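Trainee: Okay, here's what each chain looks like letter by letter:
Number of protein chains: 2
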Amino acid sequence: MNDYSVFCVSDHTGVTVESVAKSVLAQFPRLECSLIILPFVDSVEKAQAAAARIAAAPRALTFSTLTDPALRAPFHQAGLSLFDVFDLIAPSVERALGQTATPRGGHTHGMAHDYEARMDAVNFSLNLDDGLNPGRLGQADLILVGVSRVGKTPTALYLALQYGLRVANYPLTPDDLGQDDLPSCLKSHLARLRGLTLAPERLAALRQARYPDSRYASPAQCRLELDAAEALFERHAIPVVDTTRMSVEEIAARLRPA
Amino acid sequence: MNDYSVFCVSDHTGVTVESVAKSVLAQFPRLECSLIILPFVDSVEKAQAAAARIAAAPRALTFSTLTDPALRAPFHQAGLSLFDVFDLIAPSVERALGQTATPRGGHTHGMAHDYEARMDAVNFSLNLDDGLNPGRLGQADLILVGVSRVGKTPTALYLALQYGLRVANYPLTPDDLGQDDLPSCLKSHLARLRGLTLAPERLAALRQARYPDSRYASPAQCRLELDAAEALFERHAIPVVDTTRMSVEEIAARLRPA
Numbered sequence: 001m002n003d004y005s006v007f008c009v010s011d012h013t014g015v016t017v018e019s020v021a022k023s024v025l026a027q028f029p030r031l032e033c034s035l036i037i038l039p040f041v042d043s044v045e046k047a048q049a050a051a052a053r054i055a056a057a058p059r060a061l062t063f064s065t066l067t068d069p070a071l072r073a074p075f076h077q078a079g080l081s082l083f084d085v086f087d088l089i090a091p092s093v094e095r096a097l098g099q100t101a102t103p104r105g106g107h108t109h110g111m112a113h114d115y116e117a118r119m120d121a122v123n124f125s126l127n128l129d130d131g132l133n134p135g136r137l138g139q140a141d142l143i144l145v146g147v148s149r150v151g152k153t154p155t156a157l158y159l160a161l162q163y164g165l166r167v168a169n170y171p172l173t174p175d176d177l178g179q180d181d182l183p184s185c186l187k188s189h190l191a192r193l194r195g196l197t198l199a200p201e202r203l204a205a206l207r208q209a210r211y212p213d214s215r216y217a218s219p220a221q222c223r224l225e226l227d228a229a230e231a232l233f234e235r236h237a238i239p240v241v242d243t244t245r246m247s248v249e250e251i252a253a254r255l256r257p258a
Numbered sequence: 001m002n003d004y005s006v007f008c009v010s011d012h013t014g015v016t017v018e019s020v021a022k023s024v025l026a027q028f029p030r031l032e033c034s035l036i037i038l039p040f041v042d043s044v045e046k047a048q049a050a051a052a053r054i055a056a057a058p059r060a061l062t063f064s065t066l067t068d069p070a071l072r073a074p075f076h077q078a079g080l081s082l083f084d085v086f087d088l089i090a091p092s093v094e095r096a097l098g099q100t101a102t103p104r105g106g107h108t109h110g111m112a113h114d115y116e117a118r119m120d121a122v123n124f125s126l127n128l129d130d131g132l133n134p135g136r137l138g139q140a141d142l143i144l145v146g147v148s149r150v151g152k153t154p155t156a157l158y159l160a161l162q163y164g165l166r167v168a169n170y171p172l173t174p175d176d177l178g179q180d181d182l183p184s185c186l187k188s189h190l191a192r193l194r195g196l197t198l199a200p201e202r203l204a205a206l207r208q209a210r211y212p213d214s215r216y217a218s219p220a221q222c223r224l225e226l227d228a229a230e231a232l233f234e235r236h237a238i239p240v241v242d243t244t245r246m247s248v249e250e251i252a253a254r255l256r257p258a
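In order, the protein sequence lines correspond to chains E and V. FYI, the numbering for the first sequence is 1 to 258, going by the numbering used here. FYI, the numbering for the second sequence is 1 to 258, going by the numbering used here.
Honestly, the hints are just simulated from the structure, not real lab data. Bear in mind the structure is a predicted one, so any value in this text is a computation, not a measurement. Possibly wrong hints are sitting among the right ones.
Treat identical chains as interchangeable: a pair holds within one or across any two.
Each computed DMTMM-like pair below joins lysine to aspartate or glutamate, with the alpha-carbon atoms no more than 20 Å apart [said to hold, decoys possible]:
#1 K187 - D141
#2 K46 - E250
#3 K22 - D141
#4 K22 - D68
#5 K22 - D87
#6 K22 - D42
#7 K187 - D213
#8 K22 - D114
#9 K46 - E230
#10 K187 - E201
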């Protein structure tokens, strides 16, 4: 049973308006709502159709990122209030700058260039996933290290997709950890190493899902590996992120170079 | 030479405030600026340090997502104006709801559950990358098909990371295209297939970067493969996205089920 249908209307992907709506609604903890994303509302006809759909919903809230006032008009004509990110924020920015905003599509510039850089970064991160191609580690922006299932691959891919960073990842195996030193191929790249760690019981649960009741998934083995990895991180002054209670966005934001 | 230093201050990852700042600033095309992200400003001490840093910058603008008024106070005390997403949007929402916002950290709820679903989706997408494990195609939310280098892998990974969707991808090789029919393993999953295509000259450029001056990268070969793939998409009524001028966010937003 949902109190409100929350529509997120965008003339582009809807990524911005969705994240704004979620953040603002998190401040209203008693509110139950379901989110409906309406992306690419980039013509008056589509805006009219979206407005008609929202007007027909019993209890609706509408967040939007519609830069063109002509696209906002059909919503106002339908008697709907919009929480529009530009409408609410741009006037303050205009005052601060002493400049008037020029409405145009919600594209940030340089997308094509950005796209290729990010695709290259993804390909790089896939090619240097899980210790592959160690000869290319010198080309990486960051090298994530940690034990198996600590979250290296998703984090590397998120950093590549979101920020265009070339992120390798290298597993610390029980064999490596038994040597009581970093694998030699990592030692020439110390400044770019970042350690990932996790609470042993979380790691055990993740491994358990993959290989139930194995030694690999036992809490004792997880603790042993994590302790050895953390000792290596400390000895080499490698910055560490404990991912136990973090989303991939949080992990990536902490790892991203300033 | 940058006109303005634009600071994006967040008590969390900064993903929301960065995308808002970029979208709003895109409406001021004459403005030159450099973006500085200050994430995890989640204590009064960190807010004071951030405010001091911004106050020392010659021409600064500050966007923020700081839910707690106590974290905004140091900026005001330093004489800075904030374009704060909550501050500017929450009052309108409060009026519409007849409820007062309860400031708390910018976390959207259910993160832990969400995290695991997305990590599972990433692992699934990696395990079913590029035609691997076709026996598991029945478990996919979506199956991306298209010729080599059309952007299937990054798109699948973005959908998995951003939306938690289990997205397989399957290459249409020249051999497949020579059969003039879909590979048989795809035919039992027609409703979940999505085609990707691209302008031949863009594809040729992407392939050229990988295998310079190969037949694979020649414009004629690219055109041949794309034409054959598009004919298959049309014959089987597979929805198609032309990715030529799109960012990975745009492609993903178009593919995401409503």
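Trainee: If a hint holds in the structure, say so; if it does not, say that too.
Mentor: We went through each hint and held it up to the structure:
no. : hint        : result
1   : K187 - D141 : within (15 Å within a copy, 41 Å between copies)
2   : K46 - E250  : between (35 Å within a copy, 17 Å between copies)
3   : K22 - D141  : neither (31 Å within a copy, 24 Å between copies)
4   : K22 - D68   : between (23 Å within a copy, 16 Å between copies)
5   : K22 - D87   : both (18 Å within a copy, 15 Å between copies)
6   : K22 - D42   : between (22 Å within a copy, 19 Å between copies)
7   : K187 - D213 : neither (35 Å within a copy, 37 Å between copies)
8   : K22 - D114  : between (26 Å within a copy, 14 Å between copies)
9   : K46 - E230  : neither (54 Å within a copy, 27 Å between copies)
10  : K187 - E201 : neither (30 Å within a copy, 42 Å between copies)
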